[in-house]
Amino acid sequence: MLRLVDINWNAAAALLARHGLALERIADGAPIPGSYWGEPEAGVIGVRVYARVDTPVHSLLHEASHLIVLPPERRAAIHTDASDSQAEEDATCYLQILLADELPGVGRERLMDDMDAWGYTFRLGSTRAWFERDAEDARAWLVERGLLARPTQATLPLPSSIKASR
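Note that my numbering has the sequence shown beginning at 41, numbered continuously upward.
Errors might be hidden in some of the hints.
[To be verified] Across the chosen pairs, the derived CB separations fall in these ranges: (1) E176 / E149: 19 to 29 Å; (2) D141 / L164: 20 to 30 Å; (3) R58 / R114: 15 to 25 Å.
It is worth saying that the hints were derived from the structure and are not from the lab.
Cβ coordinates follow ideal geometry from the N, Cα and C atoms, glycine included.
Work out the full structure, taking the sequences as your base and the hints as a guide.
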């Protein structure tokens with residue numbers, strides 16, 4: 041499982057900053073504020089994502105994606121639990137996969153493997169199968185809210201199609 045210690049912290053912080061979020065580094069062994077799943081999983085409070093070096097990258101991207109999909113007025117009220125619907129959860133999972141391509145040394149293939157290893161579950165049995173063959177609703181949800189560019193052809197959108205947060 042790829043952890044933040046394995047990637048460039050500053051690159052992760054810069055990625056979140058492009059979406060109006062702040063990455064807060066928590067000291068080794070200290071409790072992670074706003075962690076829904078408990079340590080070492082990332083936590084969210086407002087526009088801040090909390091993580092330690094042992095936090096899995098998929099967790100950081102998932103929690104950040106939860107905040108990215110929210111309108112700014114909802115972000116401010118978030119503490120620990122950021123999801124309110126299955127559609128929003130699916131969009132979050134889809135977005136975290138796209139964001140993985142924006143982090144050097146991560147990429148969607150590695151992230152999907154880590155998501156499967158952690159225990160994410162999808163109807164088609166794997167994250168990759170869901171992303172490639174069953175995520176039309178998640179893509180549409182992101183496009184509808186202006187968070188993902190509308191594809192111009194039948195291929196999956198590239199990471200550069202991710203729009204900065206509102």
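For each hint, the structure was consulted:
no.	hint	result
1	E176 / E149: 19 to 29 Å	21 Å, holds
2	D141 / L164: 20 to 30 Å	21 Å, holds
3	R58 / R114: 15 to 25 Å	19 Å, holds
Violation of the numbered hints given earlier is absent; every hint is satisfied by the structure.
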